[in-house]
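Taken in order, these protein sequences are the chains called A and B.
Okay, so the first sequence: first residue is 23 according to our numbering, each after it adds one.
Okay, so the second sequence: first residue is 5 according to our numbering, each after it adds one.
Take the hints with a grain of salt, since some may be wrong.
Stated by the list, open to error - Here are the computed lysine to aspartate or glutamate pairs in the EDC-like style, where the Cα-Cα straight-line distance is at most 20 Å: (1) A:554 x A:573; (2) B:84 x A:564; (3) A:35 x A:570; (4) B:87 x A:87; (5) A:29 x A:564; (6) B:84 x A:561; (7) A:595 x A:580; (8) A:35 x A:590; (9) A:35 x A:564.
To be verified - Residues of chain B clear of chain A, computed beta-carbon distances all greater than 12 Å: (10) 11; (11) 19; (12) 58; (13) 61; (14) 62; (15) 69; (16) 72; (17) 73; (18) 88; (19) 100; (20) 110.
Simulated from the structure, these hints should not be mistaken for lab results.
C-beta: ideal position from N, C-alpha, C; glycine also.
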Amino acid sequence: MNETGMKQAQQAKLERVWANLPGWGRLAAVNHTTIGLRFMVTGMFFFLVGGLLAMVMRTQLARPEQDIITADFYSQAFTMHGTVMMFLFAIPALEGLAMYLIPKMIGARDLVFPRLSAFGYYCYLFGSVIVLSSLFFGMAPNAGWFMYTPLSNATFSPGMGADFWLIGITFVEISAISAGVELVVSILRSRAPGMTLRTMPIFCWYILAMGLMIIFGFPPLILASILLELERAAGMVFFEAGGGGDPLLWQHLFWLFGHPEVYILFLPAAGIVSTLIPVFSHRPILGYGWIVLSIILTGFISFGLWVHHMFTVGIPQLAQAFFSVASMLVAVPTAIQVFAWLGTMLTGRVTYSLPMLWIFGFLFTFVAGGLTGVMVALVPFDWQVHDTHFVVAHLHYVTVGGVLFPLIAGFYYWLPHFSGRMSSERLGQWGFWLTFGGFNLTFFIMHLTGLLGMPRRVYTYEEGLGWGWMNLTSSIGGFVMALGMAMILLDFMLHFRFGKKASANPWHADTLEWAMPIPPNNYNFASQPVVKTRHPMWDQPDLRASMEAGEHYLPHAEQGRREMLGTDPVTGKIREVIHLPSNSWLPLQSAFALAVVCVCLLMKSYIAAMLAALVAVCFLLRWGWVNGAHPNAAPVSEDESADPPLHSRSFDGPGLWGMGVALLANGTLYLSLLFGWFYLWTVAPLWAVPAAFPINWQLLVASGVALSMAVFIFTRAVARLKKGNASGLGARLLAGGGVGLAHVALLLWGVWDANLHPAETAHDSVLTVMLIYLLVHSFLAVIFTGLQAWRVKLGYVGSRLPYEPVVLRLFWLYTLGVFWVSFAAFILLPMGWRMV
Amino acid sequence: MRLAFTHPLHLVTGLAIWALWFVGVYGGLSLGCMISQMPQVLEAGSWINMTLLAFTLLVVVLLFTLAIKCWRGASPGMPKLPKFIRRVAGALYVAAAIAVMAVGLPMLVLPPCL
């Protein structure tokens, strides 16, 4: 066979190994290109649903005293509009774009946990269907997208609407956390060789920050949703003032998520802007280091603003001032980015094409939204406009201008990548101007409506208040905007059929996603290159051809495995070859079983829910089982190369990083519970402590000692394994698991023995949740360890395959940590306080 | 174990200190107001403000010290990657110190528990 023939054969093999299954088998696809596109398309569908709800609301408000829809349906419409746009459109669409682009930009073949991507998508899909179905059953949530208590509790929202929201959205959030873990680890551990932190595309910094913000931002809301659902369904007390709870705890937990959420949306959108502006200005971005600095600043400071949503609830002035100043501070990193973008354009030669039109629209609209943001950061001004249409106008300027416009710019920019075809310039221009004009007509005037006192969430208003013409203008603007969006969608759809063929790199871009055939193949790159600069496509002109010719790393798939390089998170030096899992039904099966759990919980069929949960756990354990050296994954062979080694033959593969990042999210959930405990203790007006402490602390100490011993045995076994000594590994793991089981039994006894009344006091409710949390973790650690011992027996874990116990060790250490922190905070401290 | 200033963790340490300080002063304010007698804490010069200000000052000094250490090591001949990390981390320490000072400023003029 000649050289060309060999290359073709190699590429055909790569295609076979990386291809999705045909027909229904597509549902088992895990490839990031497929999953990313699914996220985006599903997100766009929900954008249309949210848009339709907005049209219904604008029709109702166009004239005073109309009764086109009822007050209750209006409440459902605004609740679902916010919920759909925030949770079912914006986050998934941006995550989808990131999942599609990140591996391509960093020169990788896929994300590091492809099955997690697929699982996340199905959680999102099923959770969204659950939430949306409530509209068709006429029982959609109607307490606002932030579900404030007590309005959303069982007394004031007695139907199933709030349950749909709490259960469905929590399910969707699993998807967001999965994507967060996936993106963070992929960016840190699978960049092309040579691509350092300093030379990675600026978009990756934005997505890295977004991923980490999801990890720290979403758990407070997940916890709050679980607590509220427990209050509604099981009568526990967390937000009910009468039992020692506090409705403001919900607001704190919600906005601990809710405000960072705005930046979780804005950062990837700004990442699109920072990617496009240099391309269309034909020069590198100005102030790369300054932009990295402002991304990190935004990521942190945005967590210190949440109380600015609560300025009117009665918080001391000094505390309000902390949050007011922090709210103004966050404008600084945003301004740095705006100046960097303007500077890049001013010092470059700007090409005014369609994506840039949307970028200009973004700059104008977002800066206006940012300015009103600084206005509402001022406490006295916020008191005046709180809960008025002024705030509605501000948030739409920020979210539509700051997120939707860049997203559409990005869609137009990467459309040739998705389809290999160009969109229509004319239709696109019409789409932009109608959307931009309609948007400003709708929302600019809404600032005035708000300043004149029109409150949010009212389904109608009286004539003669002076709001009539403004609302009519807003409604007309809304329909013009809808027309613009329709044009854009039409353009997107038509271009697949009528768009002219795109050239290989139609915008003369600098990043690696354009170094592949468009639309892309399933393995992205025929070989993985060494990347030395921030602009590989500008600085290494032969790169595309040499990659396609297989002149770089991993040009073949001889073992029949999906493989790519794992690299150092800082320097980009090669560390290992990551063998990725292939197509699988397990993500769909696991997510479906969890969806059944959610539906059963909604219907209050708790036995069925437990059975479905058991099925889900079985699927998830099976998923973990077919990994590493399992015959379905990468069985050990004698001719394996050890330089670089396969990741399952190392101590530090991406799974370890995935576990670490997932535990950060888990730890944030736990800290949120701890925050709730201390908050209620110090702030709730009717917080009551039972006369006798309800838990037998001696039992807990005994349980903790057993846990410490189990962790000691396990970590010793891992330490020996790290030295290459696997003798007696299975027995040691069994011993660790056995002692762990004794710990679980003692803990269970402690729970059984406790005199807790969670339906009566918030004190006992929080303690109950804490104990369940500990039990679940300990029980899982024991199960995982038992399975590891079994894998040792089967030869999937051993001296040549030491990876999995190292990953599990982190979980054990985490379990140990939260146990003793819980003992100190929930048991020792209150007991000590009583003595004082 | 001392972390070299070229370690990327320094990119987040400064603002992590800011975040802990923020939680500390917000939580400390709530605790102080819970345990204090009301008339004593209605003025900006109360013991709560003074304690929180002292804590703030300490944190500012710590952040500036770390910033100086980062910047001092970034010599012109240094390879680009460690220099990049040192410079950005140093600037982030300064930014964190400014954020601490800015958010702490109201303690000089506002009463804690009103």
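* Beyond 12 Å from every chain A Cβ: check whether that's true for residue 72 of chain B. => Holds, since 17 Å exceeds 12 Å.
* Given the hint that residue 35 of chain A pairs with residue 590 of chain A, test it: the Cα-Cα distance must not exceed 20 Å. => At roughly 28 Å apart (the allowed maximum being 20 Å), residue 590 of chain A and residue 35 of chain A break the hint.
* Does residue 88 of chain B really sit off the interface, with its C-beta more than 12 Å from all C-beta atoms of chain A? -> Per Cβ check, residue 88 of chain B is inside 12 Å of chain A; nearest 4 Å; violated.
* Would you check whether the claim that residue 11 of chain B is not at the interface survives, using Cβ distances to chain A and the 12 Å cut-off? => For residue 11 of chain B, whose nearest Cβ neighbour in chain A is about 8 Å away, the distance does not exceed 12 Å, so it is violated.
* Run the C-beta distances from residue 61 of chain B to all of chain A and say if the shortest one exceeds 12 Å. => For residue 61 of chain B, whose nearest Cβ neighbour in chain A is about 16 Å away, the distance exceeds 12 Å, so it holds.
* Asked: Quick one, are residue 87 of chain B and residue 87 of chain A close enough, alpha carbons at most 20 Å?
  -> violated, 65 Å
* Asked: Taking the minimum C-beta separation from residue 110 of chain B to chain A, is that value above 12 Å?
  -> violated, 4 Å
* To do: Quickly compare the C-alpha distance for residue 84 of chain B and residue 561 of chain A to 20 Å and report which way the hint goes.
  => holds, 18 Å
* For the pair supplied as a hint, residue 35 of chain A and residue 570 of chain A, is the alpha-carbon distance within the 20 Å limit? -> With a Cα-Cα distance of about 14 Å, the restraint between residue 35 of chain A and residue 570 of chain A holds, given a limit of 20 Å.
* **Given hint residue 580 of chain A paired with residue 595 of chain A - CA-CA distance at most 20 Å** => Violated - the C-alpha atoms of residue 580 of chain A and residue 595 of chain A are around 23 Å apart, more than 20 Å.
* Claimed clearance of chain A by residue 100 of chain B, with the beta carbon kept past 12 Å -> Check fails; 8 Å does not lie beyond 12 Å.
* To do: Assess, step by step, whether the Cα of residue 29 of chain A is no farther than 20 Å from the Cα of residue 564 of chain A, and give holds or violated.
  => Status holds; Cα separation ~17 Å.
The structure fails to meet hints 2, 4, 7, 8, 9, 10, 11, 18, 19 and 20 from the earlier list, while all remaining hints are met.
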